[in-house]
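Since the structure of chain A is already known, use the hints to place chain B on it.
Top line first, the protein sequences correspond to chains A and B.
Residue numbering for the first sequence follows my numbering, starting at 1 and increasing by one per position.
Residue numbering for the second sequence follows my numbering, starting at 1 and increasing by one per position.
Just so you know, the hints here were simulated from the structure itself, not pulled from any lab data.
Every residue gets a Cβ at the ideal spot worked out from N, C-alpha and C, and that includes glycine.
Hints may contain errors.
[As the list claims (entries may be wrong)] Chain A regions said to be covered by chain B (calculated; three or more residues, Cβ under 8 angstroms):
#1 83 to 92
#2 109 to 116
#3 409 to 423
Spelled out from the first residue to the last, the chains are:
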Amino acid sequence: MTTAQTPSALNFECETGNYHTFCPISCVAWLYQKIEDSFFLVIGTKTCGYFLQNAMGVMIFAEPRYAMAELEEGDISAKLNDYEELKRLCLEIKNNRNPSVIVWIGTCTTEIIKTDLEGIAPKLEAEIGVPIVVARANGLDYAFTQGEDTVLASMAMRCPEEEPKVQIQAETAEKSERPNLKQLLSFGGAKSQDESAQPAAADEESPYVDHTPLILFGSLPDPVVTQLNLELKRQGIKVSGWLPAKQYTELPVVKPGYYAAGVNPFLSRTATAMMRRRKCKVIGAPFPIGPDGTRAWVEKICSVLEIEPQGLEVREREIWAGIDDYVQMVRGKSVFFMGDNLMEVSLARFLIRCGMTCPEIGIPYMDKRYQGAELALLEKTCQEMGVPLPRIVEKPDNYNQIQRIHELQPDLVITGMAHANPLEARGISTKWSVEFTFAQLHGFGNARDILELVTRPLRRNSALEELGWDKLVDAAHV
Amino acid sequence: MKLAYWMYAGPAHIGTLRVASSFENVHAIMHAPLGDDYFNVMRSMLERERDFTPVTTSVVDRHVLARGSQEKVVDNITRKDGEEHPDLIVLTPTCTSSILQEDLNNFVERAQMDAKADVMLADVNHYRYNELQAADRTLEQIVQLYINKARKQDDLVTQKTPKPSVNLIGFSTLGFHNNHDCTELKKLMADLGIDVNLVLPYKASVHDLKKLPQAWFNVVPYRELGVMTAQYLEKEFDMPYVDITPMGIVDTARFVRKCQQIINAQTSETSIEVDFEGFIDQQTRHVSQAAWFSRSIDCQNLTGKRAVVFGDNTHAAAITKILTREMGIKVVLAGTYCKYDADWFREEVSGFCDEILISEDNAEIANAIARLEPAALFGTQMERHVGKRLDLPCGVIAAPIHIQNFPVGYRPYMGYEGANQLVDLIYNSFTLGMEDHLLEIFGGHDTKEILTKEVSNDAELQWTPDGLTELKRVPGFVRSKVRRNVEAYAIKQGINAINAEVMYAAKEAVKA
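Same shape as in the complex, but just chain B:
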């Protein structure tokens, strides 16, 4: 057993469901007890999703435990098949139901006999995999299923497209700014004259998966989701992939150059080579504001400021590099909660930071932050919270996701617009320019006690201790209003001592 107060990555079934429900017309059946279906709440609330989440729970209760769950699971699969006509039904247990050690593959086979849809069991160990690993694995599994199916039916599309084309892999529902990143990368590809063949899994149709091999190459911008799929496609079809995260000016340029290299390797026979250097130069020096910002006087003031970075592999590594390389900020600690993939992270950030921390324990990170006393933090919601306690500003750069990570406006982290957004995020996280100096000289904003605005009451009003206790329970931001109302009521009623009873009588009288 592990005493845990906070989790950075969710349980495996969340990863599976994120991938399954990202696809169009794929339904997931969760074999789980009542209350384990909060994925539906997260998707509906955080994504402000207009459609019902395509996830149905086949509820495990006492009766099901006693009788065995096969009948119920199979019934629910065939029922959803009839009601929703999905292309694919993905069955997943949760940590709880996976202990039951049932032969879920058998359930799936049984359901497949009646269902028109394809039925698949998400093959994940719920105690060894976390959300991120499970998402990666489930995506690979779905791709494999349809590649193999197409092979069997002999309608696999392996002929490359005439123009350079790419599959963008790894964008999913409930991902950290995923939909904006996806839009930005599509724009970038359009600017480069590269066709987007398929986006996976976000709004993809499983019927299109047989067309994956027709793209010239794959792009996997996130370390956490899509790498297994890209490796599988490389193995099966010799498709190259780009796994550079196009975040920040420098790595976006590296990313574009890598695309160029891969395209030119495939056009060598036809000798129509592409050259993106002009595009990179134009974007970096004239279009994007990020590179200019690094040279501006504002950024000068950030030089040598100390920062702590913590997040998932992709974002923590990218932000560390941007801070150090593009803004001259000193990263005193870079960390990740992706323990399962720690080597990758160490390699990415080595040379860009003083210390590396690989941990899933939020207290360990909080302690490190307290010890290092940086000027700013870049982390998850948890570090933002730690920052509040230590009075340190924090920019949120990574999941676990929060409603604030689903802004209505356009906020990508990737590509050239992403670089601009990141500059804003980083710059606004620090105490700014002249304000910084003034604070230092005069020692803080408010040196005087703020006078409270109280109504002067001439009447001899007294609050009894229980009255005051009740008043203290009123939330601070309305307390003075409540106090004024109650006192006004007391004066009107000719009451001198205000106790709890008077207070609630006043509440009823003002209909508040």
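For reference, chain A alone in the conformation it holds in the complex:
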């Protein structure tokens, strides 16, 4: 991995780990929508199911492509056979939904009762003829967004090693009973822009430079995928594929020696899998969040692919000019991250560049290697902006943090949902960290959307200021 030097001046601490964050199985909520031919099966207890349904509020959608394999007393006491039970459920899923892949999400419970999911999956996969990917997205080892990391790290192993050479028709004839037949057939139909770009490239002069293939990993909404593809295309870089793709059947070909770059700070295991198991060269760059981060990300990819970046400085300047009204609003204000989705460092770095100060970055887990370039950029940004370095608190203690928030009185606290209303009631402005997990933040074009979220509590407060609590009552006397 092309890692930047580990920054020395940054102060890392570790607290008790008594903090609130979402369970890593939450990743199901966005991954099943991203991978359109998938089915996610969460193997856990009622506690897991109720979380997805109530806290994430996602189970209510029509025809969901995910479900719980709810463990009952017989499963816990090992009276029932795991293989037979999972086979029964997966056959039901296969018959009713016919997915191209079933992703098993292991939970704390399967860890504790030591269900051998990795052992069972290959056998069952062979027996029922549907690929099964196993990810251990459990709360014993991981926090919130790291669930996606566990899924992508497993899925990285399923990326084909060679381009499929066979004609689709030939394959149809011999494998007509294959469950993912429909997906194979639709291969030639409506296509995402990656594929549609290929025939076009043959006609006119290729906009791309000849370079070692580049794979990007991280699950982003489709419009953001297009934006980042286009951003790299401006530099003549062709993105060979994304992990995950829109369809499981369209996972990109990954060969040893290919380059890979992550788009999110919580994907350290996926990076490791791409590097160690798929023998890719992982590009260690800051993450494409904010115009500064996006520029650094593109520049780093260019430098690794030995391409001279074109017009990035102008582009960054234009974006900053376009968001200047919002930047004015946050300049000089302070932001405190309680720690939730592991995107804290990237967001803090961008907000410091906008002129904010940041006394504390809480974060569930810090991979100093995978986030190395981001940490270096954070340090550099603080120096250039002339603000103190934040303290980075890994596995924070929410109770202690709230004491510090009382002392520091930051202008904005970015926090998990459990603390937002109580902090607001104490006069502290908050924004849910979850919103940054689901919003479109990446690339040049979305910088405004980040500030849209960040400034909303500030704008709301200034809208209500006219009406302060005192005047609200006074008005009644008039």
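Quick look at chain B alone, frame taken from chain A:
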């Protein structure tokens, strides 16, 4: 293993935490892995609670698993004891940590040595009990703990109050319209001249539990929470209880009469009997609008309409009876997800509906609804969702709770005001009066295609397929605005073919 897409009742620890955090100054420690603490999110978000949820997770991770969790759990209990000075600390595992088979009672005993607060382990089987059963059990357990403690210290208050008084049992945080029901029942009691001795567990102090026996009787309006406590108090102190749900005009009257009967049974020696008949008559005929509504021309149009009811025991049974008995609506199916208490439900609704369905499987209910094609549904959020797919109106009458069940305005389901609210809910769920006839005659609201408001563009603009694909990804409600902006940008830039690149360039240019 069970393939599940939806759960009507939550896991046991949610029930325990609902009861524990309803009390004032009680702190709960959850012995659970990271992420199992979403109860805090639910309470903080749904109840719009201003205070930090008094629940702390003692996080179980790999290290704790390897080393054993006693030290950490005990540390967290004593730490919270010092930080928050609660009266009681309730320790609960979750489905996950209960498998570890640790001697949590021992943890509690160990922590009790250092803690000033009382420390208690919520004694619930996490694989056999659901949220509702666990809540019922935990409330009983807390009451028992303090009754026994008071007995030991000999300060139990068993002397009855001079005036008739009552304990209202079963109102808890994250309950379906619980706080409004509680207010309405307090009003009702005030109207009847009955003092409210204690409300449990909502905002109760554990120190007051020793005063429970001084009330003349207990009221348990919800079948799901409080019955075990009322039975315990009956056994220990011979306290009678009313378990009629005062929902709808008829059952509210039954409820009031039962209160009267219990009070008069206790005043027979002193011969100051109460008579609530006048009150019931006044409320039913003159104050409440619900009884008049049943006689009004509006309600006539509902006669014989078919409805499906599904929910928890309390609400499904009550709504079934109201629809049939008070509004002349035909309930073709009444169902409950409280499988553990199915006999009670069957008895309550028999004679009021055509079919009874006891099930936790949402697909089974959805299929029944599709088969029966009722005019309206009364169910949970899940049935509302099914209704949307089948184009059937649905009134939400029961948990699982949703942010919509925490209205800022006053919306009780119980008592006389509750009866009014229910009339509105039921009536508004059906297609109304004349509208119904007109729809039948003319076959729907919109017979013409609605013309789309597009800007006529004289410029020869073309959308490339990838441009159109991107446009389709824009949410429908802003798509035409985005389209106009992009086209305006393209015209200004002299671009004829709009592809994805142009679209995003336009987005950046308009700073949107």
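Among all the numbered hints in the text so far, which are the ones the structure does not match? none
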